[in-house]
Amino acid sequence: MRERLEEDRETLILAIESSCDETAAAVVKNGREVLSNIIYSQIELHTIYGGVVPEIASRKHIEKINQVVQAALDQAGKKLTEITAIAVTYGPGLVGPLLIGVSFAKALSFASGIPLVGVHHIEGHISANYIEHKELEPPFACLVASGGHSHLVVVKDYGEYEVIGRTRDDAAGEAFDKVARAIGLGYPGGPKIDKVSREGNPDAIRFPRAKVVESAYDFSFSGLKSAVLNYLNDCRMRGEEIVQADVAASFQKAVVEVLVEHSMMAVREYGFRKFAIAGGVASNSSLREAFVEACREEGIEFYYPSPVFCTDNAAMIGTAGYYEFKRGVRHGYDLNAVPNLRLGE
Amino acid sequence: MRILAIDSSGQTASVAIWEDGVTLAEFSIHAKKTHSQTLLPMMEAVREMTELDMETVDAVAVTSGPGSFTGLRIGSAAAKGFGFALSKPIIPVPTLEGLAYNLYGTDLAVCPLMDARRNQTYTGIYEFIKKDGTCEFDMNIIKGQCAVPIEDILAACNKLDRGVIFLGDGVPVFQKEIEEMITVPCSYAPAHMNRQRAAAVAALAARYYEQGKAQTAAEYKPEYLRLSQAERERREHEGASG
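If you're matching them up, the sequences are chains A and B in order.
Using our numbering, the letters of the first sequence map in sequence onto residues 1 to 345.
Using our numbering, the letters of the second sequence map in sequence onto residues 1001 to 1242.
I should point out that these hints are in silico values taken from the structure, not numbers from a laboratory.
Here the structure is a predicted model, which means the values were calculated and not measured.
Where a beta carbon is used, it is the ideal one built from N, C-alpha and C, also for glycine.
For the chain A half of the interface with chain B, some residues (derived, Cβ under 10 Å), not all of them: (1) Gln67; (2) Phe104; (3) Ala107; (4) Leu108; (5) Ala111; (6) Gly113.
With the rest of the complex left out, here is chain A:
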């Protein structure tokens, strides 16, 4: 593969992301400057099913990938021949959808001679913080919370991660989706609960805050979800009125408290001066407010991406891919999709 001289040229990463239900491509310059960030969201296709259907997502990805990648290059005003490296998400995620991006990116690399860099999806989410915070450098701690993931991660250096806490059951975003469905808000749950919670009383119902005994930083949200379902059943049996906004606000408060508490515990224990959040749940307004407050109390810097960089996007993959590329990471044509890819191992 030909590698361009890096000293006298800008490093341009063409990034591709298809791990779930967004077909996305971006061009990122020198790691932190987003020249384009195209996202084709399939969310409406999946809403009637109450969640992402992998086969439907895969079919849509393959229909859209060329147009999305072309749009990313066009919007950036770049040609494929100007690209330094191609970054692609190869896990974790849904295997069918992942395979579209991976197979396409490999063929692109093969036919163009541009080097290929496989990127971990969670590393992408964490790296989203670099885009708007040019001063942010490792080390720092980061909470990644989304529909598929809840990780408390120590970012030791670019490309070096240690996961110190993870969910034992449901991801935070998954709990939002399930509770939203139970109280009749529908899919996707996160933004809907966030919105309706503003009208509700977060102290109306005291839902449990689960702790995982043997591992202080781990999360468990299935107990909380069950508590909400039980509460709803009890109300219905007693014929009591269910105030949707109060349930939503009280549930959200329980999730937020657990996420903030575990994160701040890690910050104190490890002595971090910088803390970041990432992932779809990081766009939750209540979570952001709680972290702003908690980090101010701790006297540490708090970072979070704009909502467009919180949900799945390719710009974050481009940023992560840039640092992996700089570290010398290259992948071969046998790169495969790894649905349960672990971080920092």
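Please arrange chain B on chain A, whose structure you already have, making use of the hints.
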């Protein structure tokens, strides 16, 4: 003209380079590794051995379905990636047509069979008709590709009043049914032509290219012949309730 051909619709992964009526290279693997792991490394081996400059490829041929949903997409995404990088068209080749083309020139009716699960086979019936005054054949479609129970396609074969040759990964799966039900003379293709082969896909694609059947890499998408399970169940549910 130079065609790069890909087939990953079934258990066999196959790539080939075709140039003006000659197969420059063909590489097929029927093994445990996934198509995602094998297809591009096979292509790399073929490129290296033939010293192929990718820029000289005129079109990318790919089996467009039916077949394994994931397999189809691995090949199709690769084809779309090649097409994108090279700004070259894609020639979609329906899977059963590509499979039948393995037996070009036979005077038997050709019935490719693929195991489609759920008690069905992806199949069709094809024949080769000699072009007047030439030594060439055209492939004619007697029954276009479809997903049907094995009994249906065997009944259609029995009406043909001529010999039938079966091929494809459905043969070992449905051999018992074939031998119980078939009433016309029947035979099976031998090992060197009884699975998907990219060289046959390329040769047929060259014909389709002449007929103007190429698409842009952006517009090409596979044809599954089936809805996803979620869509199917939803329709059944709607049908039942409405």
